[in-house]
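**Q** The lines below spell out each chain.
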Amino acid sequence: MSSPLFYAPAGDAVVFAAKKEPALVLQRLAAVPKLAGVTAASRLEVRPSPEMVSSGIREIDELSGGLPRGCLSEICGPASSGRTSVLLAALAAATRRQEVCALVDTTDALDAVSAAAAGVELERLLWIRCGTGRRTSDLGPQHSGLRHQTPDHRGEVRGQESEVRGLRSYVRLEQALRVTDLLLQSGGFGLVAIDLGDVPDAAAWRIPLASWFRFQRAVESTATVLLVVAQAPCAPTCASLLIRLRTGEQLSTISSQLSVKSELSLAHVQLLDGLRVEGELLRSRMQRKPTQSVTTVFATKAVRIA
Amino acid sequence: MTAFACIYVPDFPVEALLRAEPGLRSQALAVLEGKTPLQTIFALNEKARHAGVSLGMTKLQVEACSDLVLRPRSLLQEAAAHAALLDCAQSFSPRVEDAGCDTVLLDLAGLEPLFGPLPKIARDVARRASDLGLEANIAVASNPDTAVLAALGFSGVIVIPEGREAEQLGNLPLEVLFTGGHDLQTLDVLERWGIRNLRALAALPEVALSERLGQEGIRLQQLARGCSSRSLVPVELPLVFEEAIELEYPLVLLEPLAFLLSRLLEQLCARLGARALATQELNLDLTLECSTPEYVGTSAPARPGRAQARQSFHRTLRLPVPLLDPKVFLKLLQLDLNAHPPGAPIVKIHLSAEPVRPRAAQSGLFLPPSPEPEKLELTLARIAGIVGQNKVGSLQLLDTHRPEAFRIQHFAPGQRQEQTARNPKASRNDNPQELQKQNEVAVTAMRIFRPPLRATVTLQEGKPAHIACPRRKEICGEILWAAGPWRTSGDWWEQEGWARDEWDIALQEATGITLYRLVRDLLRGQWQVEGSYD
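These protein sequences, in sequence, are chains A and B.
For the first sequence, my numbering assigns the number 1 to the initial residue and increments by one for each residue that follows.
For the second sequence, my numbering assigns the number 307 to the initial residue and increments by one for each residue that follows.
Quick caveat, the hints were computed from the structure, so don't treat them as lab data.
Treat the numbers as computed from the prediction; the structure is a model and nothing was measured.
Among the hints, a few may not be true.
According to the in silico footprint, chain A covers these stretches of chain B (three or more CB under 8 Å from chain A) [what the hints assert, rightly or not]:
1) 532-543
2) 650-661
3) 688-696
4) 700-709
5) 752-761
Label pairs and their computed distance ranges (CB to CB) [what the hints assert, rightly or not]:
6) Glu-710/B with Arg-214/A: 29 to 37 Å
7) Thr-237/A with Ala-816/B: 43 to 51 Å
8) Arg-214/A with Gln-766/B: 47 to 55 Å
9) Thr-237/A with Arg-433/B: 53 to 61 Å
From the three backbone atoms N, C-alpha and C, an ideal C-beta is built for every residue, glycine too.
Work out the full structure: start from the sequences and follow the hints.
**A** Put into structure tokens, the structure is as follows:
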């Protein structure tokens with residue numbers, strides 16, 4: 001026997017909602033004094049969609065509508081897939097809007113020349129370079145809060161090296177999470193970006209889901225865009241927007257460019273005219289219907305300052 | 307109508323100490339002066355008087371009195387209290403006379419339209435003095451001397467209407483005319499005559515008084531009648547905001563130091579606020595005991611007996627915008643001292659602030675929101691505590707082609723924002739075509755490996771053909787294609803010269819093709835992987 005969804009006021013017979021018409025159920029609901037002011041879930045207004053801001057790349061904007069304010073957006077892809085180009089374009093667009101931005105650089109990988117060439121107003125960008133100068137031997141496992149495997153006897157030295165490297169990445173990750181917490185609590189930033197681009201998948205996946213939920217909750221009612229760049233999706237249920245980047249046609253494209261330039265016999269051959277990046281929208285919560293897999297292609301332009 | 311106010315702080319040495327230790331206000335407190343064992347009572351509060359303590363008693367005599375708190379006299383704190391007294395007066399009137407360490411006169415002419423009637427001004431002055439940690443008597447009269455006598459004689463706030471000076475001052479004892487301690491012979495003479503209060507002195511015949519006491523007698527009688535007239539001698543007060551405290555025992559832990567800093571900062575901010583100023587630079591000077599081996603920040607007790615040699619410890623807190631929040635200052639100082647502990651017990655704290663005009667709160671109406679400066683400073687300090695002092699800030703590119711030529715500077719977006727607010731067209735690009743063009747072009751970014759990865763490279767026909775990088779296993783194997791070299795050099799006239807060839811190489815990895823920048827250092831002959839294109 002199914003349990004009743006609600007009980008009518010005292011004196012009336014028990015009403016089993018499952019057996020009644022929806023209109024009758026709503027009518028009965030409205031009759032209950034305590035529930036008179038409660039709106040049925042089916043009649044709730046649609047949550048207002050977040051304000052979208054430009055990502056700095058027209059094709060990405062056309063694909064996803066831009067980056068949502070007050071949400072966590074994620075851009076993932078392997079190395080040389082254009083993640084950093086998209087990140088710098090988003091930072092440049094935000095600083096052009098006179099917004100104050102912050103970049104939590106987990107692996108200290110930001111190239112100042114690239115950032116300036118991308119149009120980032122450097123005075124408006126707070127750069128946080130994670131990773132202290134402390135020796136890793138001084139850092140115990142309690143700093144990362146993660147367990148580490150004991151190296152086997154045969155590959156003890158190699159195991160210790162990998163353990164030290166892993167410990168470093170965990171220390172950097174922990175710093176990045178703490179710094180992001182502080183930045184989001186401080187408020188007022190237009191864009192806060194967490195660069196996990198060089199963090200191994202295994203380490204990024206160890207970030208507790210609670211941290212992502214906390215970040216998402218912290219930016220929810222603010223105008224901050226929280227952007228995460230990683231190799232693989234690491235905040236799956238918290239990300240309102242997930243874009244995967246790849247460069248499928250890179251080899252043939254660059255090979256042909258190289259051959260053309262070799263024919264010209266230039267004294268100094270510049271290999272990279274640019275990358276051809278393919279972006280796929282994996283998730284977008286801004287639309288009512290589930291998003292189908294849609295892709296876009298855009299090119300980046302190489303800039304070499306010399 | 308001319309009106310003058312006098313601010314008089316009774317038991318000034320006691321009040322100066324109570325500014326730093328307000329918890330002692332409810333207790334009997336006496337201030338000692340002199341060298342041990344000849345210390346005598348120099349000042350005391352009302353509760354100590356009720357307990358039977360009087361001026362000039364020796365320390366041994368008063369030690370029998372329980373509940374009496376004894377403190378040595380602190381000239382530093384008295385100087386700070388005097389400066390606070392002047393600030394209090396200056397916050398109401400620009401014409402201020404420094405009539406003594408515990409007495410300040412101010413001209414109230416023309417202030418009624420600004421601050422209200424004279425009784426209200428007097429109450430406001432008393433409240434301001436109380437905010438600065440000083441319980442003062444305030445007297446308002448039509449001439450400076452009457453105001454001083456009333457402040458000396460009456461406790462609390464009193465306003466003497468013009469023409470009723472003699473009546474109001476009449477009941478005051480004769481001693482108020484000789485508060486400075488000078489010309490006590492005249493006081494003795496008057497007492498022998500049976501003169502006990504100012505009314506009796508004012509009633510004496512002028513000629514007879516002049517014959518017996520000369521011009522001094524006439525002057526005293528005019529003071530008693532409240533009809534003396536003199537000009538105020540205004541002083542130009544320097545904008546110096548300093549607070550200091552000398553500790554009886556060396557301070558070993560940072561936590562109690564925070565309590566003392568909090569009090570000093572509150573006083574400093576109250577003084578700055580009274581002058582409608584803020585600060586952009588705080589200087590903290592700590593005098594340390596060097597011979598004691600214990601370090602501040604540890605729980606080990608201090609050994610005051612061993613401390614002889616002293617050294618100073620200085621920290622400067624520079625802020626991008628003027629602030630006036632003691633809590634923010636305290637937190638910033640705490641974070642700074644945590645990062646840079648003094649290293650020895652503290653015996654003296656000196657805090658000074660550089661005054662500046664407060665920033666305008668209103669920025670551009672249509673500018674996007676930015677972090678509040680107070681919060682941002684705290685956040686930056688906390689982040690610096692996590693990642694390191696030189697690892698947080700904004701980038702500044704240097705005017706050179708040397709690779710990695712940048713420096714980290716303090717992050718202060720507010721200054722730029724204020725400039726933008728003043729001239730929005732200066733920085734905002736309103737050209738839609740250019741904006742569109744900027745939006746269309748994405749730049750191929752580099753990801754830098756810090757430090758660069760050393761690599762072993764095999765050349766084939768002058769081009770890199772094979773690479774092996776011991777520190778990263780994935781950067782290993784045949785190079786699919788390579789182009790270059792992009793040759794740069796510079797600073798060859800200096801010791802730090804550099805010359806390098808840059809190659810762009812592609813490697814096949816498990817996740818796909820990855821592009822790297824390979825650099826050959828021509829001076830050292832080393833190959834390095836500098837970063838990857840992404």
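**Q** Each hint: holds or not?
**A** Evaluation of the provided hints:
Coverage of the segment 532-543 of chain B by chain A is violated [criterion: at least 3 residues with CB-CB distance below 8 Å; count 0]. Given as covered by chain A, the segment 650-661 of chain B fails the check, having 0 residues with a CB less than 8 Å from a CB of that chain where 3 are the minimum. Under a criterion of three residues with beta carbons nearer than 8 Å to beta carbons of chain A, the stated coverage of the segment 688-696 of chain B is upheld, 5 such residues being counted. Look at the segment 700-709 of chain B against chain A: 5 of its residues bring a Cβ nearer than 8 Å to a Cβ of that chain, three or more, so the hint holds.
Counting residues of the segment 752-761 of chain B whose beta carbon lies closer than 8 Å to any beta carbon of chain A gives 5, which reaches the threshold of three, so the coverage claim holds. Between Glu-710/B and Arg-214/A the CB atoms are about 35 Å apart, so this pair conforms to the stated range of 29 to 37 Å. Between Thr-237/A and Ala-816/B the Cβ separation comes to about 27 Å, which falls outside the hinted range of 43 to 51 Å. One distance hint, 47 to 55 Å for the beta-carbon pair Arg-214/A and Gln-766/B, holds here, with the actual separation near 53 Å.
For the pair Thr-237/A and Arg-433/B, the supplied restraint of 53 to 61 Å holds, since their beta-carbon distance comes to about 57 Å.
Against the hints set out earlier in the document, violations occur for numbers 1, 2 and 7.
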